[in-house]
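Asker: Chains as they are written, first to last, in the working numbering: chain U, 2 to 119; chain S, -14 to 100.
These aren't lab readings, by the way, just hints derived from the structure by calculation.
Since no wrong hints were added, every one of them can be taken at face value.
A partial selection of chain U residues facing chain S, derived with a Cβ cut-off under 8 angstroms: (1) Gly44; (2) Glu45; (3) Phe48.
Take a look, some chain U residues computed to stay more than 10 angstroms from chain S by CB distance: (4) Val20; (5) Lys71; (6) Thr79.
Where a beta carbon is used, it is the ideal one built from N, C-alpha and C, also for glycine.
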Amino acid sequence: AQKVTQAQTEISVVEKEDVTLDCVYETRDTTYYLFWYKQPPSGELVFLIRRNSFDEQNEISGRYSWNFQKSTSSFNFTITASQVVDSAVYFCALSEWNYGGSQGNLIFGKGTKLSVKP
Amino acid sequence: DTGVSQNPRHKITKRGQNVTFRCDPISEHNRLYWYRQTLGQGPEFLTYFQNEAQLEKSRLLSDRFSAERPKGSFSTLEIQRTEQGDSAMYLCASSHSSATNEKLFFGSGTQLSVL
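Excised from the complex, chain U in its bound form (with noise of 0.2 angstroms):
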């Protein structure tokens, strides 16, 4: 079965400091994807980032970074010298391939509400 699991519900932290988000998920299928979205305040999901299994090489974009490790089923998220600009709930989101090719049917993990104080 196929399971994301964010284990922080609720993080804050101080400008400037950073943070790493935990994500951890459970899949059968070797072809895999791994996403993370962010939600603010006005409910929309922005789309942060995209991993497919094959590819556990590390990203770095600006402030922010992720660590892919196949060998404990995880995708952190790293932010770096945090922003108030950064408060939101961010998800892990899981996708298994298809035979149809959608890649968009999504487990979400439940997740964590990041609050970055002035």
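Given chain U, put chain S in place with the hints provided.
Answerer: Coordinates of chain S only, in the frame set by chain U:
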């Protein structure tokens, strides 16, 4: 780029009434998804269309729910005989099937409250 548009933003209805939501995807996107999100939870997949064909439905989509995408453009999600348990945010997303790395673009959702 107008993004994914959903209407209405909010809907309040009485138990037993029917409701319909509309989603307008990004114009060149041929895939359209519906998700449901309850408070404190992540979104849950309901169904998706490729062009006008409904290709997958979750078991969460009971007989009271029906989705259509008649011309492969906008989509509607109808809930008949609403129940209090249907109260949730209904999210729509779109993507293009030709994209090697498919990425979903979400709308702001329709918040349904069933009294």
